[in-house]
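**Q** Spelled out from the first residue to the last, the chains are:
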Amino acid sequence: MTEIHLELLLGMKVHDLNGKPIARLEEIKAEAAEEDFFVVEYHLGALGLLERLSATTIGSVMLRLFGFAERPTSYIVPWDKLDIGNSTHLKLRCTVAELRTSAP
Amino acid sequence: MKKLLQVSLGIITSIGGFLETGNIATSSQAGAAYGYTPLWAIVLGTICVIFLVEMSGRFAIASHYTIVDGIRDRFGSNIFLLTISIVFVVNLLVLAAEIGGISLALQFLTGVKFPWWSLPVTFMAWLLLWRGTFGLIENGISALGLLALSFVVAVFVMDPPWGEIAKGLLPTLPSKDPLHYSFIVVGILGAVISPYLFYFYSSGALEDEWDKSYFGANRAIAILGMSFGAIITAAVMVSAAMIYPSSGIEDIEGYEQIAMILTPAFGKWGLYLFAISLGITCLGATLEVSLAQAYLVAQGFGWNWSENMKPKENPAFCLVYTACLMIAVIPIVIGVDPLRITIFSMALSALSLPFGVVPFLILMNDPTYVGKHRNGWISNAAVIFIVAMAFVLSIVTTPLEILGG
Amino acid sequence: MYLVRDILDKQVVDRKQARIGKVDGIVLTTENDGRLKISFLEMGHLTLMRRLSPRLYRWLLALSQRARAGRDRCPYRIPWSKITDAGVDIQVDIDDSDTPLEQTQEWLRQHILRRIPGGLS
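Residue numbers (numbering that gives the first Met the number 0), protein chains in the order written: chain A, 0 to 103; chain B, 0 to 404; chain C, 0 to 120.
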């Protein structure tokens, strides 16, 4: 039975099957099953600082003033498709194309 | 109507946060060096601080969180530790300046030099926090602070040139030495817009248990309270502009020169009135900054916090303000000039503004916390513009001023 | 339930609504079938420091272990099952006297507040 400290995974880069970083871990969704709660989904967010800033209301307003119009993409990863064994190098167990993206 | 009696929170925030050694010193210097022309800096700073204070009250009422809780919750512990550390260190410097202010006030009244007063003064401030409640401090300082209106009375007694004052309220560029002028403006903005001010106000709103019915009162209290401080600060600058240049003084080197500011209007009582006003406003600031420090730490780490609780109910909270007072008194006791500490801490305050304000601004736009009481674009624009200006100016002028000596 | 938004860095209160700290960390354990169970809330300054800087954490850990004469001090954990409500605050079915925070506050009362007049009144 291994223990994992969730707070240390936050903000870490998530890499695809080729080892390329594609996003950062931002949120973890859990659901109740029987008497306990289990992780069901990982939500990944933007990689870069500017993109992360645009996720805030005020950040996006300011960035739009300077011409950055795009909203960052976020991915939803089912719990069994992310390998969190190495807390500094999180890896996907599937391709990016297989992931759902959530509406920003 | 009864809610408007709570205006005392606004007034004490104004007195401790707005009208204290930083403002008195920077406004006097500005008036002596540039006459009525820097008045617009007070206007701009006041507008910014009215927005910030109203926001912090609105945040407390709408979310029932403190700002510190919100920052940690929204941005995580690392950003919280970073912003709070910066604000905490700047606050310690400001606290030292305020203790220096009270000590100087007693020096002017008694002739005994200020380092001798620093320890008794700090002890008295500590005792008030230890034994007093939030309500007592709030109402006590607000009532005593009304004495500071003597600055306003002095202006009317001296019959100032109202036309010049009106012109000064609009932004004007200086006729000489623009770098020093910018530094003076930075000092005023740093003195007026202090992050501890709105952290204190939002904790105060929760201490006073403001509920949803207080939204309107909060707006009135923010405007009235901050305007109170603004008018008195402007009066200080106007008095300085009327007195010092005509006596040939353009550069204020020591607090003894500032102490004479009420003498033309009130005669020998002028010195006593000044000393008492300085003492009371700096005492208010000392109490406010100490409490703000304790709020920052206790709220951020999830301890019990309240000035209304007895010390035994929240020992760690009380020990934070005790430790801060003990650290802050050190420079004053060893005799460092309070005026120098004041000017330095105001410049540093301006430099640290973005760290204290930007996370708060993001919170004010996040519906998760404030629901439908989010900021309108005017509040956002005003605060961003003024804080950005203060920050940029301070980055440019502070190193040059330090190098220039 | 979203763990970052709803649990991490939130205020924890005990049965009597007294504040006992913030959620500094969340511990997951892997079950036999690979699922990740949420096991504990973790609270403590060391947990907080580890998020900030692993190097700082190791240094502080060494310091605190020396202060405790080598006794292994585990960080304070609250079992997930003890959570009774997760709204504005996280309410747990614990008495604050069991928490290290309250024990520290009590130490402060006995060793510092007692020496100051009016400290314990």
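Since the hints were derived computationally from the structure, they do not count as laboratory data. Keep in mind that this is a model prediction, so the values were computed, not measured. Some clues are possibly wrong.
What the hints assert, rightly or not - Derived CB-CB ranges, DEER-like:
1. C:55 to A:75: 27 to 37 Å
2. C:73 to A:21: 48 to 58 Å
3. B:387 to C:110: 19 to 29 Å
4. B:372 to A:34: 36 to 46 Å
5. A:85 to C:103: 27 to 37 Å
6. B:207 to C:110: 41 to 51 Å
Stated by the list, open to error - DSS-like cross-link-like pairs, simulated, lysine-lysine; straight-line CA separation at most 30 Å:
7. A:80 to A:12
8. C:15 to A:80
9. B:311 to C:15
10. A:80 to C:9
11. A:19 to A:90
12. B:311 to C:81
13. B:371 to B:2
14. C:9 to B:371
15. C:36 to C:15
16. A:80 to A:28
17. A:80 to A:19
18. C:9 to B:309
19. C:9 to A:28
20. A:19 to C:9
21. B:309 to C:15
22. B:309 to B:112
23. B:112 to B:211
24. B:2 to A:28
25. A:28 to C:81
26. C:81 to C:15
27. A:90 to C:15
28. C:15 to A:12
29. C:36 to A:19
30. B:371 to B:211
31. A:90 to A:12
32. C:36 to A:80
33. C:9 to C:81
34. A:28 to A:90
35. C:9 to B:311
36. A:12 to A:28
37. A:12 to C:9
38. B:211 to C:15
39. C:9 to B:211
40. B:2 to B:267
In this text, a Cβ means the ideal position worked out from N, Cα and C, and glycines have one as well.
**Q** Work down the list of hints and note, for each, if the structure agrees.
**A** Status of the hints after comparison with the structure:
1. C:55 to A:75: 27 to 37 Å: At roughly 34 Å between Cβ atoms, residue 75 of chain A and residue 55 of chain C fall inside 27 to 37 Å, so the hint holds.
2. C:73 to A:21: 48 to 58 Å: Between residue 73 of chain C and residue 21 of chain A, where Cβ atoms are some 36 Å apart, the hint is violated.
3. B:387 to C:110: 19 to 29 Å: violated, 48 Å
4. B:372 to A:34: 36 to 46 Å: holds, 39 Å
5. A:85 to C:103: 27 to 37 Å: The hint (27 to 37 Å, Cβ to Cβ) holds, given that residue 85 of chain A and residue 103 of chain C are roughly 35 Å apart.
6. B:207 to C:110: 41 to 51 Å: Given range 41 to 51 Å: violated, Cβ gap about 33 Å.
7. A:80 to A:12: Cα-Cα ~15 Å, so holds.
8. C:15 to A:80: violated, 41 Å
9. B:311 to C:15: holds, 17 Å
10. A:80 to C:9: holds, 28 Å
11. A:19 to A:90: Holds, because 9 Å separates the two Cα atoms, which is no more than 30 Å.
12. B:311 to C:81: holds, 28 Å
13. B:371 to B:2: Given that 30 Å is the threshold and the Cα spacing comes to 23 Å, the pair holds.
14. C:9 to B:371: This hinted pair holds, its Cα atoms lying about 22 Å apart.
15. C:36 to C:15: Holds. Residue 36 of chain C to residue 15 of chain C sits at ~28 Å (cutoff 30 Å).
16. A:80 to A:28: Holds, because 14 Å separates the two Cα atoms, which is no more than 30 Å.
17. A:80 to A:19: holds, 16 Å
18. C:9 to B:309: holds, 25 Å
19. C:9 to A:28: holds, 16 Å
20. A:19 to C:9: Violated, at roughly 33 Å.
21. B:309 to C:15: OK: residue 309 of chain B and residue 15 of chain C at ~18 Å, within 30 Å.
22. B:309 to B:112: violated, 35 Å
23. B:112 to B:211: The hint is violated at about 49 Å.
24. B:2 to A:28: violated, 43 Å
25. A:28 to C:81: holds, 19 Å
26. C:81 to C:15: The given pair, whose Cα atoms are some 14 Å apart, holds under the 30 Å limit.
27. A:90 to C:15: violated, 43 Å
28. C:15 to A:12: violated, 40 Å
29. C:36 to A:19: Measuring from Cα to Cα gives roughly 28 Å; hence the hint holds.
30. B:371 to B:211: holds, 13 Å
31. A:90 to A:12: holds, 9 Å
32. C:36 to A:80: holds, 16 Å
33. C:9 to C:81: Since the Cα atoms of residue 9 of chain C and residue 81 of chain C sit roughly 15 Å apart, the hinted pair holds (cutoff 30 Å).
34. A:28 to A:90: holds, 18 Å
35. C:9 to B:311: Status holds; Cα separation ~25 Å.
36. A:12 to A:28: Holds, at about 18 Å.
37. A:12 to C:9: With a Cα-Cα distance of about 24 Å, the restraint between residue 12 of chain A and residue 9 of chain C holds, given a limit of 30 Å.
38. B:211 to C:15: holds, 25 Å
39. C:9 to B:211: holds, 23 Å
40. B:2 to B:267: The given pair, whose Cα atoms are some 40 Å apart, is violated under the 30 Å limit.
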